[in-house]
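In case you want the letters, here they are:
Number of protein chains: 2
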Amino acid sequence: MNAIDQIREPLSVRQACRTGGFDGPTSGQAPGFAQGNLAILPADLAKDFLAFCRANPKPCPILGVSERGDPHIPELGADLDIRTDLPRYRVWKKGELVDEPTNVATYWRDDLVSFVIGCSFSFEELLLQAGLSIRHIEARTTVPMYRTSLTTTPVGPFGGPVVVSMRPFKAADAIRAIEITSRYPQAHGAPVHFGRPDLIGIRDIGAPDFGEPSSIAADEVPVFWACGVTLQQAVETAKPDFAITHAPGRMIVTDVPIELASA
Amino acid sequence: MNAIDQIREPLSVRQACRTGGFDGPTSGQAPGFAQGNLAILPADLAKDFLAFCRANPKPCPILGVSERGDPHIPELGADLDIRTDLPRYRVWKKGELVDEPTNVATYWRDDLVSFVIGCSFSFEELLLQAGLSIRHIEARTTVPMYRTSLTTTPVGPFGGPVVVSMRPFKAADAIRAIEITSRYPQAHGAPVHFGRPDLIGIRDIGAPDFGEPSSIAADEVPVFWACGVTLQQAVETAKPDFAITHAPGRMIVTDVPIELASA
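Note that the protein sequences, when read in sequence, are chains L and D.
Residues in the first sequence are numbered consecutively from -2, following our numbering.
Residues in the second sequence are numbered consecutively from -2, following our numbering.
Just to be clear, a hint being listed does not mean it is correct.
Here are some chain L residues pointing at chain D (derived, C-beta under 8 Å) [claimed, not checked]: (1) Ala168; (2) Ser179; (3) Pro188; (4) Phe191; (5) Leu196; (6) Gly198; (7) Glu209; (8) Ile213; (9) Val253.
Computed spacing ranges between beta-carbons, pair by pair [as the list claims (entries may be wrong)]: (10) Glu64/D <-> Ser212/L: 52 to 58 Å; (11) Glu256/L <-> Glu209/D: 53 to 59 Å; (12) Glu135/D <-> Gly203/L: 36 to 42 Å; (13) Ser9/L <-> Pro71/D: 28 to 34 Å; (14) Ile59/L <-> Ser130/D: 52 to 58 Å; (15) Ala169/L <-> Gly17/D: 41 to 47 Å; (16) Leu94/L <-> Glu135/D: 47 to 53 Å; (17) Gly203/D <-> Glu256/L: 55 to 61 Å; (18) Leu94/L <-> Glu209/D: 57 to 63 Å; (19) Gly203/D <-> Lys236/L: 52 to 58 Å.
Honestly, the hints are just simulated from the structure, not real lab data.
For glycine and all other residues, C-beta sits at the position ideal for the given N, C-alpha and C.
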């Protein structure tokens, strides 16, 4: 199956993944709880990758890091098992995609370190809660994402462009969205840009590098947030011998509550 | 005299006003302490005016209100005397400006209530502290202000347009400015608009209704904050039999610290 009705409890989502009952996108699941992007790397790259995330907190805010070889990350969920609890994974060898399994138990190694990185699903929930409407959610499309001329601060083999996601708003709503997201640095925080796409190296706003285009009205401005895809780009750039990431849109659902009250 | 060297202590600024030693603009004086716009009204209008401010918190954030007939506002300064502690005042009768004295002791009445309203001088200090540059300060001009098509929520005789002040920024700096000012609702909070001036009824950005124009570069956007002049417009609209306000740029300097740490 590719989709299920909304599951309210994070543990229930993870259990549905674990048993193979759910391999769809996690957007909208377990509302009120943070979701994360996943990168699993051999320990010899973990130190550089951790430093890379810390040097680039807007695209790569760290929600949790495992101990070496340990498939659990207790601070994100008491029983969370990173090998089984995502809907679907991507397995990479030397930068090439080699498998898209629903669990990675058979790929597990004693030297792997797991990184969970904040995700925009969390802040979108906060924006909806504040009464803002989000174009790509209304249109039932995937958020448009763009490679930009903004660059990450490189560390070791990790680097490359900042990838951004775009949501159009009227100015007053854009200000509200900036206010709200600035309070959630673990979900990419405030935007990195708004207005003219060319100023951050986007040539055609109608042709995103990932996802699908969103329409922009004459009285709206495009607002650009740093995006977790930056992390996948950094891993693809580094071409590690071995890596595991989440499959697009299939995040790890954590037990960490996101604040739903709008100020 | 019209200007003095910077005075660091709020009490020293107020004492210089009290003794007639200072009648210049208060911008830059007593850094780190909130300054406020002043409106003094007869008690029969005070209830409506208080409700007007509460209904319009972005242009008219209340810093302090006196008791009827009491020229002191202890929460803003232990020894503060509102009759003498501003550099210069404006006295209004039926909406007409009748005097611009340096103290209003001779105009004092037992039925007057004083309102002190937050001021953008406070947030400009926070923006400078965060490393942003502010065009009109660099150019040593007065911030440009515009009447807009945005309207205040009217209460009793008080109403009229929202007046905004404008500062141009590159998008990334505008986002930072929105983040910072949103944390200070008592200094007008986040902006009310950015980008196209025509969307809020401003026909010519080069011709402000008050202050002086600021240049805007091709890669900058104008950012508009609600402005305390809104309050003076509301008082002028109401044409009360009697009112006292501060003279432009001559604010009451309070003992209330503004947070200077940038997050």
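So, going through the hints one by one against the coordinates:
{"no.": "1", "hint": "Ala168", "result": "holds, 5 Å"}
{"no.": "2", "hint": "Ser179", "result": "holds, 4 Å"}
{"no.": "3", "hint": "Pro188", "result": "holds, 6 Å"}
{"no.": "4", "hint": "Phe191", "result": "holds, 5 Å"}
{"no.": "5", "hint": "Leu196", "result": "holds, 6 Å"}
{"no.": "6", "hint": "Gly198", "result": "violated, 13 Å"}
{"no.": "7", "hint": "Glu209", "result": "violated, 24 Å"}
{"no.": "8", "hint": "Ile213", "result": "violated, 12 Å"}
{"no.": "9", "hint": "Val253", "result": "violated, 21 Å"}
{"no.": "10", "hint": "Glu64/D <-> Ser212/L: 52 to 58 Å", "result": "holds, 56 Å"}
{"no.": "11", "hint": "Glu256/L <-> Glu209/D: 53 to 59 Å", "result": "violated, 42 Å"}
{"no.": "12", "hint": "Glu135/D <-> Gly203/L: 36 to 42 Å", "result": "holds, 38 Å"}
{"no.": "13", "hint": "Ser9/L <-> Pro71/D: 28 to 34 Å", "result": "violated, 56 Å"}
{"no.": "14", "hint": "Ile59/L <-> Ser130/D: 52 to 58 Å", "result": "violated, 32 Å"}
{"no.": "15", "hint": "Ala169/L <-> Gly17/D: 41 to 47 Å", "result": "holds, 45 Å"}
{"no.": "16", "hint": "Leu94/L <-> Glu135/D: 47 to 53 Å", "result": "holds, 51 Å"}
{"no.": "17", "hint": "Gly203/D <-> Glu256/L: 55 to 61 Å", "result": "violated, 43 Å"}
{"no.": "18", "hint": "Leu94/L <-> Glu209/D: 57 to 63 Å", "result": "holds, 59 Å"}
{"no.": "19", "hint": "Gly203/D <-> Lys236/L: 52 to 58 Å", "result": "holds, 53 Å"}
The structure shown violates the earlier hints numbered 6, 7, 8, 9, 11, 13, 14, 17.
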